[in-house]
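First residue of the sequence shown? That's 1 in the numbering used here, and the numbers climb one at a time after it.
I should point out that these hints are in silico values taken from the structure, not numbers from a laboratory. These numbers were taken from a predicted model, which means no experiment stands behind them. For glycine and all other residues, C-beta sits at the position ideal for the given N, C-alpha and C. A portion of the hints provided could be inaccurate.
Listed next, the in silico EDC-like pairs over lysine to aspartate or glutamate satisfying Cα-Cα at most 16 angstroms (straight line) [to be verified]:
#1 221 x 126
#2 191 x 159
#3 222 x 103
#4 193 x 159
#5 222 x 90
#6 221 x 97
#7 221 x 114
#8 221 x 96
#9 222 x 96
#10 193 x 153
Label pairs and their in silico Cβ distance ranges [to be verified]:
#11 38 x 15: 29 to 37 angstroms
#12 3 x 24: 19 to 27 angstroms
#13 33 x 8: 36 to 44 angstroms
#14 96 x 8: 12 to 20 angstroms
#15 74 x 16: 46 to 54 angstroms
#16 174 x 39: 17 to 25 angstroms
#17 230 x 9: 18 to 26 angstroms
#18 201 x 160: 16 to 24 angstroms
#19 163 x 108: 34 to 42 angstroms
#20 15 x 39: 26 to 34 angstroms
#21 24 x 157: 15 to 23 angstroms
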Amino acid sequence: MCYAQLHFEGFSTPATVPIAYLTSATCPKTNPGCKIPDLHSPKTMNGYGIFGAGLTGIMSGAGSVPNPILVLPGRRGSVYSVMLTHGGGELVLGSDEPQASAEFHLMQGTLPGERYALPRTCLFVDERPIDACMSISFDTGNGVPWIHGTNLDGIPQQDGFVVPGTRLGFGPHGAARAATPVVAGTSFEDKIKIFGIPGRQPLANASIQAFFDHIVTYDNKKGIIAVAPVQAVVK
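Full structure from sequences and hints, please.
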């Protein structure tokens, strides 16, 4: 674990924040020929790193890496938005939630040091709701959307994947329409895997695909992740 001060546009974190520094990596048995980067080369990631900007997770305890945005003073440290396109993105600190947003309310955390847990979503297939609701992770760090759970017969499936061309949507619990969709394809980044894990609660990972052309606003004070199409905000 390392510690450093992060610098944003015009201001910095008031104190150093913990940073997890990767020192070892191995290939899993399921992918024995994977490519492992040179962990001792500062140029491996072209000088860039990744920090988590979510609102869930344990923010205390050995080995934890909290969201560094939340240490900023005032509104900048409590509300922020992410807007992504296929060509780039923008992080705005202290932003306002667009009026057209659909709100996903985070659940109350149950573990020691956990303020919030993942919100709930209900699934839509080709813009129609199906009888399937579960926890959802809005995870830009995951390039591949996936769903695990049971009773997902309402989703067209083939060989463990969503049938290509199917438009799978995610909406807040009780919503009449999806807030953001992903479209199943045949390439690595858009094949939507469906699987079950015995003893685990159903979970959907929207992946980075669900962020494209949307503004996702995180409100740590209210415990909300709000999603709005960029077009609706521009209008």
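When you check the alpha-carbon spacing of residue 221 and residue 126, does it fall within 16 angstroms? 34 angstroms, violated
16 angstroms limit on alpha-carbon distance, applied to hinted pair residue 193 and residue 159: 9 angstroms, holds
Sort out whether residue 103 lies within 16 angstroms of residue 222, counting only the CA atoms. Holds. Residue 222 to residue 103 sits at ~11 angstroms (cutoff 16 angstroms).
Take the C-alpha atoms of residue 191 and residue 159, compute the straight-line distance between them, and say whether it is at most 16 angstroms. Since the Cα atoms of residue 191 and residue 159 sit roughly 11 angstroms apart, the hinted pair holds (cutoff 16 angstroms).
Pair hint outcome, residue 222 versus residue 90 [Cα-Cα no greater than 16 angstroms]: 22 angstroms, violated
Satisfaction of the hinted span 15 to 23 angstroms by the C-beta atoms belonging to residue 24 and residue 157: 37 angstroms, violated
Given hint residue 114 paired with residue 221 - CA-CA distance at most 16 angstroms: Within the cut-off at roughly 14 angstroms; holds.
Take the C-beta atom of residue 201 and the C-beta atom of residue 160, compute their distance, and say whether it sits inside 16 to 24 angstroms. 20 angstroms, holds
Assessment of proposed distance window 18 to 26 angstroms (beta carbons of residue 230, residue 9): For residue 230 and residue 9 the Cβ distance comes to about 21 angstroms; the hint holds.
Measuring from beta carbon to beta carbon, are residue 38 and residue 15 in 29 to 37 angstroms? At 31 angstroms between Cβs, range holds.
16 angstroms Cα cutoff - pair residue 221, residue 96: Holds - the C-alpha atoms of residue 96 and residue 221 are around 13 angstroms apart, at most 16 angstroms.
Just to be careful, I want the Cα atoms of residue 193 and residue 153 compared with a cutoff of 16 angstroms; is the pair within it? Satisfied, since the Cα-Cα distance of roughly 14 angstroms is no more than 16 angstroms.
When the structure is compared with the earlier hints, violations turn up for hints 1, 5, 15, 16, 21 and for no others.
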